[in-house]
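Chemist: Could you put the whole structure together from the sequences, leaning on the hints where they help?
For the sequence shown, the working numbering begins at 41 and goes up steadily by one.
Don't read these hints as lab results, they were simulated from the structure.
Here are the simulated SDA-like pairs of lysine to any residue, each with C-alpha atoms no more than 25 Å apart in a straight line:
| # | residue 1 | residue 2 |
| --- | --- | --- |
| 1 | 229 | 168 |
| 2 | 57 | 88 |
| 3 | 229 | 98 |
| 4 | 229 | 44 |
| 5 | 229 | 68 |
| 6 | 229 | 174 |
| 7 | 57 | 131 |
| 8 | 229 | 218 |
| 9 | 57 | 144 |
Computed Cβ-Cβ distance ranges for the label pairs, DEER-style:
| # | residue 1 | residue 2 | range |
| --- | --- | --- | --- |
| 10 | 56 | 232 | 25 to 31 Å |
| 11 | 60 | 117 | 18 to 24 Å |
| 12 | 112 | 222 | 35 to 41 Å |
Predicted model, so just to flag it, every value in this text is computed and none were measured.
Yeah, the Cβ is synthetic: ideal placement off N, Cα and C, and Gly gets one too.
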Amino acid sequence: MLAIHLPAFGYQRQRWKNNLGWTREIARQPGAGDEFDWRLSLADIDQDCGFSRFPGYQRSLVLLSGNGMRFRFDDGEVAELHPPHGRCDFSGDRALSCELLDGPTQDFNLIWRPDRVDARLLHRPLVGSMVFFAEPGSEWLIFNLAGHANVNVAGNSIALEPQDSVRLHPLAEQGRAQLEGAGELLIIKIDRLV
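Modeler: So this is what it looks like as structure tokens:
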């Protein structure tokens, strides 16, 4: 298994697709261009705004900091995200506006094409250790939400500070990564469908 350290200071700042805000891209596949199979990013929201549409994609959004936000979808549905770590899953086809409940927020975004990959986002405590095994056609991405963590792969160790990430690629059918520490994680598993 190959571990790629993605430190928070290296996340690429980009304009939102609708030019109403900014995001810091953590990782994507493929790595360049307007089209992607999946993408992880952080968004800092300091005013009420519309969200970009991503037709053909699914989205999972987790509140990282701030007092919360309210989503108003074009079909009348309303969803609220409250601390700590409120979550909303929705189709990228849907138009929505975001209202901040009491000041700026930061959120974590997973966007993926369900016709190309299956993506799962888990919020887990880290108490002690976890083991991730290599699987053909699958990869893991781990975002250190809070606390400290060390990833050990084949004798190499990577220290994760808060908001750092690590991407775990299978190099063969065998291999594993061990994660140790104390805190909270967002764990994403990506399974390739095509």
